[in-house]
Amino acid sequence: MEDNIQLELKEVHDMEKLTGALESILFAAGDSVKNRDLMKILGVSQTVLDAIVTGYKESLEQTERGLRLLVLEDRLQLATKEEHSPYLRELLGVNERQGLSKGALECLSVIAFKQPVTRLEIDEIRGVNSEYVLQKLTEKTLIKEVGRKDAPGRPRLYGTTDDFLIQFGFTSLKELKKEIKAPERPEVVPEQDPEQQQIIN
Amino acid sequence: MSELKINISNFEGPFDLLLHLLKANKMQIKDIRISEITFQYMAYLNAMKELDMEVASEFIVIAATLIEIKSRELLPKYKEEVDENDIKIRLMLRIEEYEAFKEIAEILKERFGKDTYIFTKRAETIAPEELPLGDFLKGISMDTLHLTYLALMNRQKSKINRNVTMDQSIEAEAYRIEDKMEELERILTSRSHIRFLSFLEGSRSKSEAIVMFLAILEMARNHRVRISQEDIFSEIIIEKGEINGR
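From first to last, the protein sequence lines stand for chains A and B. Each residue of the first sequence is one higher than the one before, counting from 1 in the working numbering. Each residue of the second sequence is one higher than the one before, counting from 1 in the working numbering.
All clues given are correct.
With a straight-line Cα cutoff of 16 Å, these simulated EDC-like cross-link-like pairs (lysine to aspartate or glutamate) come out:
no., chain 1, residue 1, chain 2, residue 2
1, B, Lys102, A, Glu124
2, A, Lys102, B, Glu12
3, A, Lys177, B, Glu103
4, A, Lys102, B, Glu106
5, A, Lys181, B, Glu97
6, A, Lys140, A, Asp162
7, A, Lys177, A, Glu73
8, A, Lys181, B, Glu106
Derived by calculation from the structure, the hints in this document are not laboratory data. No experiment lies behind these values; they were computed from the predicted model shown.
Put together the whole structure using the sequences plus the hints.
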């Protein structure tokens, strides 16, 4: 009986230590860190890591802490809480973020679901030239070049970034695809054309 | 045809316009009546032109597609011809795909946090430790260093081009167009006309012939000489032109 309590206490102590270690690592890293790497550095299995992460994430959310834990695909990253953004904007002298244009949102939609995708493929779907919009989106770090297509001219391939996920409130592309239905290519059966009888003006 | 209220709004592209027209006509994409839509589409483009708005080429490409579908529907069908339905179906599929992404764009718009900003930190930069020189040159003798240096310098030297095959000087032109033009004028004051061939025959070199040719062209341009030819491949005659131009 004593042993069990001792074991539990030790486990809790270990958990606390590991959580602290996780926090230090994520702080120093700044950028996102892969789960894989965290498991290696902390010397723990996926299950243990998941437990640590869940506990840490909750503790950050529930208290008045200023940080939150971002879970992006298979990576973790520390970020500030949204409610404090006015202070941070003041500190960093940053203005309110400008809204995105209709065209920009259209491009993002296409890229989000079809990535990796070339500018030409995007143009085909939208029916317009997207060069300028893609440039702007890259500047805003919402999309990035993810490679080149093995085709004449070796055109750039575009994909969404972590920033895109963060700014639109998704934790992963998988979550995005679950929330928003992917567009399918439907089979179109054209109705019998009544115009074939009419005389067209 | 019912009165069309043309609202010149900003459309993202031809598909955007088509969707708008479909909605205004309460048409589903699969029931699209090409004739009506084409008419309204063209009316829109014309209105844009009247307002001096630039019509992007993409709009015109789709206009051509619509007109093609419409005209194929009017003509009697021949068996060998490309199935008009193919073009129509392809257009309909493209409009549908665009519509799907347009809807997704709307959803994303809702989600975009304009007022909020979360910040992440940049990675810590950890300056690499300076390697002590002793470790850096470990196991390397003076001899090796010397040989490496020699090899490097030789490589560089071999890259220098010592054969300068280009001429260091530029030749002065043996013949100048202005001189040839004066010569031609002098000739034409004493004679009424001259055969072009006689210049070619009298030239001492190819350069001279070419410069004379250029002089003739220049003077012809200024109407100082007239060039004529009776038949194809017959003699080319050069005469004095009107001095003050025609």
